[in-house]
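Student: Chains A and B are the protein sequences, given in the same order. Take the first sequence: its position 8, counted from the start at 1, is 138 in my numbering, and no numbers get skipped. Take the second sequence: its position 18, counted from the start at 1, is 63 in my numbering, and no numbers get skipped.
These aren't lab readings, by the way, just hints derived from the structure by calculation. A portion of the hints provided could be inaccurate.
Stated by the list, open to error - The following label-pair restraints were derived from C-beta to C-beta distances:
#1 B/Pro61 <-> A/Gly168: 37 to 47 Å
#2 A/Lys214 <-> B/Leu218: 53 to 63 Å
#3 B/His201 <-> A/Glu165: 39 to 49 Å
#4 A/Asp192 <-> B/Arg318: 26 to 36 Å
#5 A/Lys170 <-> B/Pro338: 39 to 49 Å
#6 A/Asp191 <-> B/Ala307: 35 to 45 Å
#7 B/Glu145 <-> A/Asp192: 17 to 27 Å
#8 B/Gly142 <-> A/Lys170: 51 to 61 Å
#9 B/Gln304 <-> A/Thr187: 45 to 55 Å
#10 B/His201 <-> A/Thr161: 27 to 37 Å
#11 A/Lys170 <-> B/Ala120: 42 to 52 Å
#12 B/Arg318 <-> A/Glu190: 46 to 56 Å
#13 B/Tyr220 <-> A/Ser169: 48 to 58 Å
#14 B/Met46 <-> A/Thr161: 16 to 26 Å
Computed from a predicted model, the values in this text were never measured in an experiment. Virtual Cβ for every residue (Gly too), placed ideally from N, Cα, C.
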Amino acid sequence: MSSSAKTRKEKPITTLSSPTVGVDKTGFWRTFRPEVDGSKCTRCTLCWIYCPDGAITREEDDSPKIDYDYCKGCGICANECPVKAITMVREGE
Amino acid sequence: MFSEWKFTIKDIAEKPDLFMSGHRACAGCAPATVLRLVMKAVRGPTIVTNATGCMEVVSTIYPYTSWATPWLHTAFENAAANASGIEAAIKILKKKGRIEQEQIDVIAIAGDGGTYDIGIQALSGAVERRHDFLFVLYDNEAYMNTGIQRSGGTPHGASTTTSPAGTVIPGKLEYKKPIADIMVAHEMPYVATASPRYWRDLITKARKGIEVNGPAFLHAFAPCPRGWRSDPSKSIELSRLAVETCIFPLWEAVNGEYQLSAPSKVIALRPERKKPVKDYLQVQGRFRHLFTPKFEKLIDEIQRITDERWQRLLKRCGMT
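Kindly generate the complete structure, drawing on both the sequences and the hints.
Tutor: This is the structure we're talking about:
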């Protein structure tokens, strides 16, 4: 809220929310890490749609890029990939 | 009534995520996918109000928020009452000329506890008063946030912490409340059921619910790997199996006129594609006891109820 607002009319009408990406970096929860095989990927973007964490972003050419800061390693992307281009690899291997 | 909004995957990709990553939902949380997809359907400035529940707890841990939109938390029972208040406030502020926006949409979000059981009176009242808002129910079929207690949305035979399957009872004894049909009985302009596996269908329905003039209700199926004791990677697969077994058929009712949506229509037209409920039950740990000799008969019972409900729905849709 701007501190210059003196009357009710000058104050913003909506409630205040300052969006920040991320309550926390949830990537450290992960046991298995998804890895995309670019040669198999058909750029259907289904993994991007189904990701509960929005941790997959689309590159210029529609290929998926996984944000390991937020990926929790649930494996939905690997399970739903129609051509099985995503494999789950144990962290640290 | 509805604009002919057609979208390509590119359109929604270019829209910023309004429900952002970094929330603390469990790995494989389908309700989070549902909310991401619903927020892709918004047409302009939107205010979200959220009843207590998983999605409220995980997305707004003080002092952070995962919502890139004005968001209000409310108690368990009054998400719909809160939405009516917001809508009324917008109306009067517009009348007084204090807001410039042409159109501000209101979305109320609640889980199955906040809708089936605790929130139904507020919801029923708000719908009766014809407030213009979209109510999104993400149905994960129990009070997952507080530790998997049974709710009105828990299906027959599911083991929860307050209806544990053991030597005496085979999980929950009662049946799932047909909440969407109850909402249709309110003579609402728009009621729909959706599943995140069919994302295009879900986004279209959410958009229709926002566009419609008056209250709209979206019942979204949302598997919960923690409470259903299923593999986190199977959440989306489960939401597909629920549609294919007709446990959760997809339909919409515009002004009380039922109509099957494409994924369920395929099954209605070609009944051989309908899968047995066993396929859906066996992937979930909460139904594990049904595969022991003692409670085996329950699978037939669940199949019978599912078929009965499916036939009733087909009749309503004029498909028989």
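Student: Would you mind marking each hint as holding or not holding in the structure?
Tutor: Hints, verified against the model:
Evaluation of the 37 to 47 Å hint for B/Pro61 and A/Gly168 yields a failure: the beta carbon distance comes to about 26 Å. Look at A/Lys214 against B/Leu218: about 41 Å separates their beta carbons, and that is not inside 53 to 63 Å. Range check, B/His201 to A/Glu165: Cβ separation about 41 Å, and the 39 to 49 Å hint holds. Roughly 31 Å separates the CB atoms of A/Asp192 and B/Arg318, a value that falls within the hinted 26 to 36 Å.
One distance hint, 39 to 49 Å for the beta-carbon pair A/Lys170 and B/Pro338, holds here, with the actual separation near 44 Å. For the pair A/Asp191 and B/Ala307, the beta carbons lie near 30 Å from each other, so the given range of 35 to 45 Å is not met. Hint check: B/Glu145 to A/Asp192, Cβ distance near 37 Å, so the stated range 17 to 27 Å is violated. Separation of B/Gly142 from A/Lys170 is about 57 Å and conforms to the stated range, judged on CB atoms against 51 to 61 Å.
Restraint check, B/Gln304 to A/Thr187: a C-beta distance of roughly 36 Å breaks the suggested window 45 to 55 Å. As the Cβ distance of B/His201 to A/Thr161 is approximately 34 Å, the hint placing it in 27 to 37 Å holds. Between A/Lys170 and B/Ala120 the beta carbon distance is about 49 Å. The supplied range of 42 to 52 Å therefore holds. A hinted range of 46 to 56 Å is violated for the C-beta pair B/Arg318 and A/Glu190, which are about 39 Å apart.
Look at B/Tyr220 against A/Ser169: about 49 Å separates their beta carbons, and that is inside 48 to 58 Å. For the pair B/Met46 and A/Thr161, the beta carbons lie near 48 Å from each other, so the given range of 16 to 26 Å is not met.
Going through the hint list in order, the structure does not satisfy hints 1, 2, 6, 7, 9, 12, 14.
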